[in-house]
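Trainee: Each chain is listed here by its residues.
4 protein chains.
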Amino acid sequence: MSRKVLVWNEYIDDRRAGPAKDCYPNGIHETIARLLRSYLPGTVVETATLQDENSGITDEALASANVLIWWSHVAHEQIPDTVVDLVQDHVLRGMGIILLHSSAESKIFKRLMGTTCSFRWRESGDRELVWVTDPSHPIAAGIPCVIELAADETYSEYFDIPKPEAVVFISSFAGGEVFRSGCTFQCGEGKVFFFSPGHESYPIYHNDMISKVIGNAVVWADSGRPRGPRRMFVHSPVGWYELQSTQAEVL
Amino acid sequence: MSRKVLVWNEYIDDRRAGPAKDCYPNGIHETIARLLRSYLPGTVVETATLQDENSGITDEALASANVLIWWSHVAHEQIPDTVVDLVQDHVLRGMGIILLHSSAESKIFKRLMGTTCSFRWRESGDRELVWVTDPSHPIAAGIPCVIELAADETYSEYFDIPKPEAVVFISSFAGGEVFRSGCTFQCGEGKVFFFSPGHESYPIYHNDMISKVIGNAVVWADSGRPRGPRRMFVHSPVGWYELQSTQAEVL
Amino acid sequence: MSRKVLVWNEYIDDRRAGPAKDCYPNGIHETIARLLRSYLPGTVVETATLQDENSGITDEALASANVLIWWSHVAHEQIPDTVVDLVQDHVLRGMGIILLHSSAESKIFKRLMGTTCSFRWRESGDRELVWVTDPSHPIAAGIPCVIELAADETYSEYFDIPKPEAVVFISSFAGGEVFRSGCTFQCGEGKVFFFSPGHESYPIYHNDMISKVIGNAVVWADSGRPRGPRRMFVHSPVGWYELQSTQAEVL
Amino acid sequence: MSRKVLVWNEYIDDRRAGPAKDCYPNGIHETIARLLRSYLPGTVVETATLQDENSGITDEALASANVLIWWSHVAHEQIPDTVVDLVQDHVLRGMGIILLHSSAESKIFKRLMGTTCSFRWRESGDRELVWVTDPSHPIAAGIPCVIELAADETYSEYFDIPKPEAVVFISSFAGGEVFRSGCTFQCGEGKVFFFSPGHESYPIYHNDMISKVIGNAVVWADSGRPRGPRRMFVHSPVGWYELQSTQAEVL
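Protein chains in written order, with the working numbering: chain A, 14 to 264; chain B, 14 to 264; chain C, 14 to 264; chain D, 14 to 264.
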């Protein structure tokens, strides 16, 4: 059974004339979809945007996705809470999710983290250096010790997130700021990767190493297991000592 | 400035005739308040219940509390989302919170964790052994290697929470089940402690060692700092190199 | 390139007449090797024992091993420190290692952990229940919520280890004890799994589910990457701004 | 009972004519001792150096110390392994330890971490910005969001340590490098803090904010408890069900 990835983009900045559209003429989602098809040949990649029906997110689409990639910036508040509920439910049951750049401020990231996810930012075009701080992590496979990006938006600590399971990347910016730019989390049965590089005005998703990070992250975030059921508080009628061990499977 | 603790109880099981009222004639909140006043003489302890105005939770009450203790069981859904928002906001800004027993299923715990917090349970009255698994943790100070409780409700793994910062206690039950019964988390600037012993039908909060755990947890959860402001995404007009270092304080 | 696993056993208890030899007539290493060959068909499995030259551990043997499995009990002190140095070096450079049962007391485990790794134990033959506490972890794939072992040695907290990256299993014993029985760690570039079930007097490594755990652990512990060089303190002659980005690879 | 801190310095660079002696005429240990006496009035501060008998480290001196501060650079290999054993033993039993700057390469840090602790470095005199990445941590109390140091040695990732419990500070350097400059670990019952700022050629320990960090770290690292016994593998003659609960204390 092949892996399926759904790339979701709010598709606003990159649809109107300007630097974002110059970098991503068909939208950020199409650039990311293309890089994944190239990097992960056996993977089925689909795209969706906020302009699609149901904001582009349905239970069916998520049910068949192993990994969801999310890019949002100016329209976080346009996502209905029912969509956030749905995405959270699939993540907790095992769907991987990769949140890019300003998706740090998205409702779904804040829902999964339980914190404000706030940070400092500056539209600077400063040079960003993305340092590997967990070289044995699968997401860093094949990545050199540092990725240089000629220009990106500056993000800076303090970044109000729970302690990540792994901090795979830490960035510095020409202004001297630092940011935990690649962080993993486990939320229920789902793997979560936040990766900050990728301001829409710069061609960052065209960078080979950034592409490789995202491709690695897809492989990592895909649990390779069937989606589990919704977890419920389960009443256990009897104790272990009264059970046959053959019943263990169904507990 | 003295520490203030607010003990909140839904006060339903322990208000009507039955084993809970037999154990806690004035309500679980009054028993916990009394043990804290005894264990932490300088601490101001107040109580509130679901029956109070605004479900017993106001911005003023939280603003003056260093630590909130929460006990809920059958009325989780009666807590309005606006109250959950308010408690979360204070936790993220530095208020400590201690969640007891079935508060594992409360809206506020699920909000802070981002997961379902589900688990298996059995109203068994089985013996519970609460083992210390992090003896150097402040919450375990003065606690022997194991606390024996003659009877409690059985809680069992898998407990669907993010990886705790510390697992201070793991319980076993006579039926053979295990449960991570004392877990700490950091949520924004607030410290969070979940402690599972304490079914309402057994006099568990009258146990000296359980009292000591709760007292220790209050001391631990109190950050000792003034409540911070609401964290916002902060636009930084200029980079560090353009700032005077004296401005660092206000960033 | 196929995966290679080296199964090392001190081979003392299970070589002389008695219950250990009854359970493992050809030694614990042969039973584990056989289960791995069956569970992981493409994997090359070799064995070594303390009775072999150089205590069965050479730089060459480790260099070609993706994962080392270690079982020791009464002869921890017979392992020369130079062998411990060698194993540690390979782990830090990316070799996976799986430490079974009383290997908790081995020199190499204590070296990697930096702590005493001490715990309480009782040769009881009590029933052990091994509960899954991290169901989405690859090591728990296909494992039911609990594995019942009719008899094992009792291990009990407090277990003096650093906080594990993941606690995949927690066991309870008929005497009421609990133990973090399946713990993962990252040591340099190497993955480490400690798994406590497996007293030599009981046929635990013949249990299908225990076999599956060990097989899963081998797959998990194999980084799939070439062994890195010995890490050194590296003098950087010039700063990033003076480097060409093409040099990043070699930093 | 008052807190006692032992400040240990190899005292080599700062004893011979040159920039280190210019910055620290009486040695780095005396500067740190003075700042602690000023910042923590009730604390007893003693000093020792490599030139003292037994390398300045005795069982008696450690037994009475709540926290040990360690500064070493060129003489790591002159510390006998028996001294490393002794310090490790006290840390595992509850003594706090604070390792400064190039002590990252010390035998005791590598022993406690189990890894190489290697990193990249450059004697650059570049500006260092020390960013707070865990503002609610006690070590960051009263520290602004960033500390500017006009000049320090550049340290750079990858820093080969186990995942810290908390990354309190991350530094950037003018050359673009990043480094996890303030990291906490729990080793047995002892708290460990590594803090990288402090090259001997610059007056960094005269900086008020750096002093405050070290003072905070001493308070944090002091467990406030009597030193525990050496942890041993403990044979439990009988199971919990055969014990009186009053025996739990002695287990």
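Hints may contain errors.
Heads up, the list lumps identical chains together, so a pair's fine if it works in one copy or across two of them.
[What the hints assert, rightly or not] Derived DSSO-like pairs: lysine-lysine, alpha-carbon spacing no greater than 27 angstroms straight-line:
#1 K17 with K120
#2 K120 with K176
#3 K176 with K34
#4 K17 with K123
#5 K225 with K176
Bear in mind the hints are in silico, worked out from the structure with no lab data behind them.
Trainee: Compare the structure with the hints numbered earlier in the document and write down the numbers of the violated ones, lowest to highest.
Mentor: Number 3 only.
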